[in-house]
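J.: Residue numbers (our numbering), protein chains in the order written: chain L, 1 to 338; chain Z, 1 to 338; chain F, 1 to 338; chain R, 1 to 338.
It should be emphasised that the hints constitute simulated quantities derived from the structure, not laboratory data. No experiment lies behind these values; they were computed from the predicted model shown. Any given hint could be a false lead.
Partial pick of chain R residues on the chain Z-facing surface, computed with a CB cut under 7 Å [to be verified]:
{"hint": "1", "residue": "P57"}
{"hint": "2", "residue": "G58"}
{"hint": "3", "residue": "S61"}
{"hint": "4", "residue": "H245"}
{"hint": "5", "residue": "A330"}
{"hint": "6", "residue": "G334"}
{"hint": "7", "residue": "I335"}
{"hint": "8", "residue": "T336"}
Cross-link-like lysine to any residue pairs, in silico, SDA-like; alpha carbons within 25 Å at most [as the list claims (entries may be wrong)]:
{"hint": "9", "chain 1": "L", "residue 1": "K118", "chain 2": "F", "residue 2": "T336"}
{"hint": "10", "chain 1": "R", "residue 1": "K48", "chain 2": "R", "residue 2": "E16"}
{"hint": "11", "chain 1": "Z", "residue 1": "K70", "chain 2": "Z", "residue 2": "P57"}
{"hint": "12", "chain 1": "Z", "residue 1": "K48", "chain 2": "L", "residue 2": "F139"}
Where is the CB? At the ideal position from N, CA and C, for every residue including glycine.
Protein chains: 4
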Amino acid sequence: MIIVMRQDASREMAQEVARRVEAMGLKSHLIFGEERTVIAAIGDDRRKDREKFESCPGVDSVMKVLAEYKIASRETKNEPTVVQALDLKMGGGYFGVIAGPCSVESEPQILETARLVKAAGAHGLRGGAFKPRTSPYSFQGMKEEGLKLLAAAREETGLAIVTEVMTPHHVDLVCEYADILQIGARNMQNYHLLQAVGECPKPVMLKRGASATMEEFLLAAEYILDQGNQQVVLCERGIRTFESHTRFTLPLASVPYLHSKTHLPIIIDPSHGTGHANLVPAMCSASVAVRADGMMVEVHPDPSNAMSDGAQSLTPTVFEQTMRECEQIARALGITLS
Amino acid sequence: MIIVMRQDASREMAQEVARRVEAMGLKSHLIFGEERTVIAAIGDDRRKDREKFESCPGVDSVMKVLAEYKIASRETKNEPTVVQALDLKMGGGYFGVIAGPCSVESEPQILETARLVKAAGAHGLRGGAFKPRTSPYSFQGMKEEGLKLLAAAREETGLAIVTEVMTPHHVDLVCEYADILQIGARNMQNYHLLQAVGECPKPVMLKRGASATMEEFLLAAEYILDQGNQQVVLCERGIRTFESHTRFTLPLASVPYLHSKTHLPIIIDPSHGTGHANLVPAMCSASVAVRADGMMVEVHPDPSNAMSDGAQSLTPTVFEQTMRECEQIARALGITLS
Amino acid sequence: MIIVMRQDASREMAQEVARRVEAMGLKSHLIFGEERTVIAAIGDDRRKDREKFESCPGVDSVMKVLAEYKIASRETKNEPTVVQALDLKMGGGYFGVIAGPCSVESEPQILETARLVKAAGAHGLRGGAFKPRTSPYSFQGMKEEGLKLLAAAREETGLAIVTEVMTPHHVDLVCEYADILQIGARNMQNYHLLQAVGECPKPVMLKRGASATMEEFLLAAEYILDQGNQQVVLCERGIRTFESHTRFTLPLASVPYLHSKTHLPIIIDPSHGTGHANLVPAMCSASVAVRADGMMVEVHPDPSNAMSDGAQSLTPTVFEQTMRECEQIARALGITLS
Amino acid sequence: MIIVMRQDASREMAQEVARRVEAMGLKSHLIFGEERTVIAAIGDDRRKDREKFESCPGVDSVMKVLAEYKIASRETKNEPTVVQALDLKMGGGYFGVIAGPCSVESEPQILETARLVKAAGAHGLRGGAFKPRTSPYSFQGMKEEGLKLLAAAREETGLAIVTEVMTPHHVDLVCEYADILQIGARNMQNYHLLQAVGECPKPVMLKRGASATMEEFLLAAEYILDQGNQQVVLCERGIRTFESHTRFTLPLASVPYLHSKTHLPIIIDPSHGTGHANLVPAMCSASVAVRADGMMVEVHPDPSNAMSDGAQSLTPTVFEQTMRECEQIARALGITLS
């Protein structure tokens, strides 16, 4: 950490800061510049409270040198983590495809969708049984009944089931049926939930919060990893910006950035990331080209009658075409669709 | 709701949309413009799935006329709600002052702070016992022990205790000690938690999520109100924007806006909203002048040794001065500090 | 336009609004809902001042049905516009590649870069002669001398020259040397400049402002088109968001969105869009896959000695590899690199 | 400047960076930490190209210690600058009030408004003669005719005239009529324009760009100051965020922040900052309380017939009431309204 003193700070103030740095078990190093004094604190300060220096007399600002996450870091483990559930693989050259409806609505709906997305080449089936909805008056999901229908769809198709868990109390239940537990964007910083899935034997897909920085995203993953669960997939699903022609703004540059910082696989959710079905196919192609480790796409047999997220769901026909284009790009780049 | 057809949509497509509107139990009204056809859907469509029209053939966009929240709305209840806990009042001309440390750290720390903020004029004491922290390696709070210390501080000073509850499982416990339950910004859309505090007999302070729109904020309040708990205070604590010289961007215009839409009281958190102690006093004064219903301010007897949020905590001396200025403004405007 | 009345608005207020709509030369249509009255204004209201209705007594909000841009709209001209300068083509299936340094620095620098990017497959050469710099103390460009060096580079390589013009007064000068005039992001709403290049016989590349909405972007293009210059290329170069690990956030979904709304070609600037050279190659690949009409990439023979934007410039070697990958994707998708 | 090396960087790479630091005329200081090497560059590096170090082999990131602006800095001049034009004073305890219509529309409109705002206590009159409009089809202002009407209004009322100049070519003309030249938000980084007004003998009001950081804002002021014009007023008018219930998000914390960094006065524009007349009065009161140096408010005798910005203009009656409340707050705080 680097601590920058104000121009008008006295030599004593800088020395007091240095004393506090030493008291934390770090080495301090004072540098007297022409205009400012700077104190370098040397050592692993990840678990130190670096902010408190901002309140010391004479301090202008504190700059962190070391990112706070550690287990998630490529500096800790350099080879890419491959997350696998049944035939679905993400990471290390595998591009996993998860598709399905926003919500599980009925047995015919989920089974039909499962067959169609499997035929188109997906290896994972998404479908919400517990639905976090902005309004208390919206459909809240089929709950355990929905989980059973997902399991039936796996039974028939062999697709790995990816479904959301919303509260620590439900982790055991969802874990019983799902192959991958999804943490939704609104729960990215629900720390009790992160810890609960961290103790669970199934892989976890962690969605980025709509206003989470990359460091916050990786620290949320760190909460899970820190409990012992190493099978974590990150999912970029768009951030909230001033743009209103899309539901969120989907920053694909997160993929090469995260690949440079973490060994965990990163997948893209172009459905929530754009919010409009007509923008999804091009963003699926771009997800393969940017070398994401997979994608999660909303597909519904009849979007205009979907109980949630109809506007962003692909029809099976469009999904089929999209997969063909993704395969061509994957082949050109030596990526394996899974 | 207004449904706008694409320019190239056929008359049949518009009629099909109208049929679906009627099937929802609403009246439809087709308007054929020079370039576009528009369908007005008449009736209370708050609990209808309005998004699904976006997937109908020929539809360009859907515009909502009615906001989705209802119990929170000024159209449902026009007179302002006053939320009270012991001597702390917020709303209806009362400006409630809640002050205290970010975290409860020890008995002397919380008792000393309680005495000081009480002497300066506060009627509420804040202090985190369960702390949501971005990093798993940061101090996570004293937990139940912290709640007991808060209760002891109330015992001595008469201040109302405001403290955070992070997970549904803890609601009963926190409810036992606290006078007002705080839902943190990261949990604004933790729906199981909102429902749990909605069933609780204590008032709830709901903080705005860092990327929540006003409608999402009011719908989160609606989750609580819908369970029967009518004592809800909204807290504006800043939103995430591109600005980096402050921790968040604190939009005080939320106050007159929310006052125009809801009867619930709205308070300001200038500590999280700015992140730097030197910006807090001016924003406290502005909170009174903008006619907020209160403020929540971080105060610590020794900010540079605080276990969390030291950078944004006021010293007792600065808090005292800030309260004097707030009182002058309140007096000039006929507002009662509480 | 749809005008929504407040719940408490009287019938007379709605009728007064209707009268004003008629006075504007539009037809009005009143719809009395259960809770709200809505007035539909029928006719081309693009050139009407729609905002002023917000100030009429009883009005809650005004929703636009028609976008304000017209010449840029796909509803006016459906076939894609192809912008061409020498061998560089953008639009209608052509993916144009423009590469080169941020700034023209010297004759050897620009000539060497021109040869290298030409050899790698680019058909356009970028290079700033007039440089808009955030700080008055930064290098401001070689000015006319720089333009002459760009012309010399074209002479030798046949590459089309793309360079920025910053002020109306320089339009004639830049037009003399450049093949495509670039309007920088900071000048996207410099209307005198837009009008000046609108009268110019050369194509214009218009960069999106860092906080411009899509409608503002297309209206800026409309300023140019409205002066008679139909050769306009849009360039998405990233928006300002809370993200700080990239210089800007680069939303590739702009490409399919803009393709659905306008016939103008859309290219991507992954260098400014990310700000870090290590993120650029993956975003180039994604730009091809998302079916943009081209890209503009910063390449410098020695980035660590560049006079500006070194951090985001590719070395010639990395650019070469990037082009090979882009070609593979283009071939797989039937796109022609130009 | 602090240069942080990557974990895997070699000692030689760090030494090469140090050599380059020295070659720039700065002193270098290497610090070998447990995990990272850090190089401190000592000396005034404001006018050095600090970004280029990011391209050096082994460099992870570069952190600036010194802000790039200098003349604008409080470290250069500590006492507050007071900007004065006729009786209008901003800064140093004076809160200047500028009011008037968005656009000059006619002689009776501007004269009537001038009389009314003067009677209510304003000392400055705003009014656009050259109007930057998002759409080429909107009213573009009365141009020189509008300037003459403003001069006539000054003649009659003694109010100082504040009006916008949009392009360098018009600076002399506007300077002839105006008392303060306004640079609009869209032109904050129009550097030729900044330099042109920097050579002008009249004070300049510089509005913050909708996505400008504080450093960019102060560097834009620096462009003006650097030409010799020391009479610069900063105007916070809101930033673009995800919020859509207001036109922009108005961060009042800019006031104490800017006061800590610069000696220049800072005023608030609550009209553009919110976009809705019903939110303006509360934000005017808050502007006084936050200790801004003034405000600029849109007032129109008949907002629902205004030619621009009607939705955000106060009626003279509401402006009058707003001024009474501002005066009460000012009196309570010892601020002088001017």
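J.: Hint by hint, say whether it matches the structure.
T.: Going through the hints against the structure:
| no. | hint | result |
| --- | --- | --- |
| 1 | P57 | violated, 28 Å |
| 2 | G58 | violated, 26 Å |
| 3 | S61 | violated, 15 Å |
| 4 | H245 | holds, 5 Å |
| 5 | A330 | violated, 9 Å |
| 6 | G334 | violated, 9 Å |
| 7 | I335 | violated, 11 Å |
| 8 | T336 | violated, 15 Å |
| 9 | K118/L to T336/F | violated, 33 Å |
| 10 | K48/R to E16/R | holds, 17 Å |
| 11 | K70/Z to P57/Z | violated, 31 Å |
| 12 | K48/Z to F139/L | holds, 10 Å |
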